[in-house]
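S.K.: With the hints as extra help, turn the sequences into a complete structure.
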Amino acid sequence: MIATESLSKRFPTGVPPAKRGGVTALDRLSLDIGPGVTGLVGANGAGKSTMIKILLGLSPATEGRAEVLGLDVATSGTAIRERVGYMPEHDCLPPDVSATEFVVHMARMSGLPPTAARERTADTLRHVGLYEERYRPIGGYSTGMKQRVKLAQALVHDPKLVLLDEPTNGLDPVGRDEMLGLIRRVHTDFGISVLVTSHLLGELERTCDHVVVIDGGRLLRSSSTSDFTQLTATLAVEVTDTDTHPDGTAALRKALTAAGIAIHGAPEGTADGLPGAGHVLLLEATGEETYDIVRDTVADLGLGLVRMEQRRHHIAEVFRPEAAAAQPQEAQAR
Amino acid sequence: MSTPTTRAETQIHNIGYRDYDGPRLGRAYARRSLFSQSLRGAYGLGRSAKSKVLPMILFAVMCIPALVVVAVAVATKVKDLPLDYTRYAIFTQALIGLYLAAQAPQSVSRDLRFKTVPLYFSRPIERVDYVLAKYGAMASALFVLTASPLLILYIGSLLAKMDFAEQTKGFAQGLVSVALLSLLFGGIGLVMAALTPRRGFGVAAVIAALTISYGAVSTLQAIAWSTDSLGAVKWLGLFSPITLIDGVQTAFLGATSSFPGQAGPGAGVGVVYLLVVLALVVGSYAVLMRRYRKVGL
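Sequences listed follow chains L and Z, in order. All the letters of the first sequence, read from the start, carry residue numbers 1 to 334 under the numbering used here. All the letters of the second sequence, read from the start, carry residue numbers 335 to 631 under the numbering used here.
No wet-lab data here; the hints were simulated from the structure. For each residue, glycine too, the CB sits at the ideal point set by N, CA and C. Please note that a few of the clues may not be correct.
What the simulated footprint calls covered on chain L by chain Z, stretch by stretch (three residues with Cβ under 8 Å from a Cβ of chain Z suffice, anywhere in the stretch; the number is not a length) [unchecked claim]: (1) 25-36; (2) 61-71; (3) 152-160; (4) 187-195; (5) 298-304.
M.R.: In structure tokens:
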């Protein structure tokens, strides 16, 4: 779907030409992204948006080359943009027209004949979950509905690939989950490949088949999501106290350590002094069996399991293993 | 004969996602679509009822004098129209300016303000297509506004059985003149409007550019005329859009100049007028192209 070869992009800065090194947004990035849902993760300014611009053929690369759908971005920009959908990160909707009118117009901008544009608009808006409200002016929509319209305009011309720039930005947790579900469906039900950017690895883990991490314009890591989860899953476990074990958390910690499960040093929240602090154990899940061990241990101790959940990671934890490893050690030393 | 299998297939197709296998008409079609959408938008068509009010009122007000002139001409059976075709736009320049001030920002500032421009550029069209479509639509909208009253005058003159050849010639000259005017005004209006995403600023800038330049030029011309320096009058006309058009049509389109003392330019100075008009049109286009290089994605 997407292939880049030592792709570099440098922006000239305002400094005098003599000193011009510029800002490097992408640094010799080589990628090969196949069909499916691919997450592009990076902190703000990591080069995600620059990458999307280059892939759409809107901004020439300083060095290297890139191909989208087998077409060279430098020479076939128009052909690529006809077959690719793009959902920008920022607001892009005029408030005084209805979603239907807007998406029809955008469909025609992609080259769909008028009748087809209308049909596809009705279909697409229904698929993204906009029904009667699609005839009302966009100005009155909630953020979640606006995001759906933005997604619809990217899908309306039935592209082979959509590039979604931070589609969950500004959404509440429910809206986030719905949007992620929708993105998943774009691939599974509609057969459209997706490249989705985010700065939250956790949400991409659940949605993507493959995750690419870039930082400072360089490729940090590229692998399938299952690899990530196996290596990185952190479980948060909270248990009740009982008469036999007045401090259930401590008892569980002891039992789990005995069972050979790595427990992250400081229990969550101790530093903040929040209510319930010290009652959540963070442990490393190495695979399915960890869940079983936790369940059995808790049952053996006769404790009540309040929760057991996967924690979302901050990118830094996962992709700078040295940093992630250093943290617990530091905590233990304290 | 519908077998169960085909029926099941039909059901699935109705519920699920349908691929699109139809034609994709590409860049030229997208440009035409943007052009027609912008042109319709300039008269509020395909937009809210509120946005139809102003352009429609201005269009009506533009045509009313023509209807009155025609009615009087037909009733009194005069031999010639009391108003030249080429003179009409000069008389109604305030209305044209008002229309431009209202519609140019509507056409380009909205896309900038709501950041819709990147969506256009993520589609097959390129910067040049966007600028051409917007410019073309604005100029066409102005042409509709300025040519319609001329058409009314022309039809009226034929109904009043005036001299066909003479009227046709006058009408043709008028059309060329308003076509030039539409290109010139459209370019100036869009450049002003494209520089700011704020609609209000755009409106103010267009009105200021047109009225201040015209006010200054006509005042200076009057002063020059009253101090008997007729030579200066025709050169001063180069500095405001409407006097530029006046100069061009005086020199080449058989119009009577509305300059003080009718001291319009002859063919020689007329060439300079024409060159300035063309330079402004090309310049507006170039500025717009430059402007949109910055605002892609």
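S.K.: Now look at each hint and say whether the structure bears it out.
M.R.: Results of checking the hints against the structure:
1. 25-36: Violated - the segment 25-36 of chain L has 0 residues with a Cβ nearer than 8 Å to chain Z, which falls short of three.
2. 61-71: violated (count 0)
3. 152-160: Satisfied; 3 residues make the cut.
4. 187-195: With 3 residues closer than 8 Å to chain Z, the segment 187-195 of chain L meets the three-residue bar; holds.
5. 298-304: With 0 residues close enough to chain Z, the hint is violated.
Comparing the model with each numbered hint stated earlier shows that hints 1, 2, 5 do not hold.
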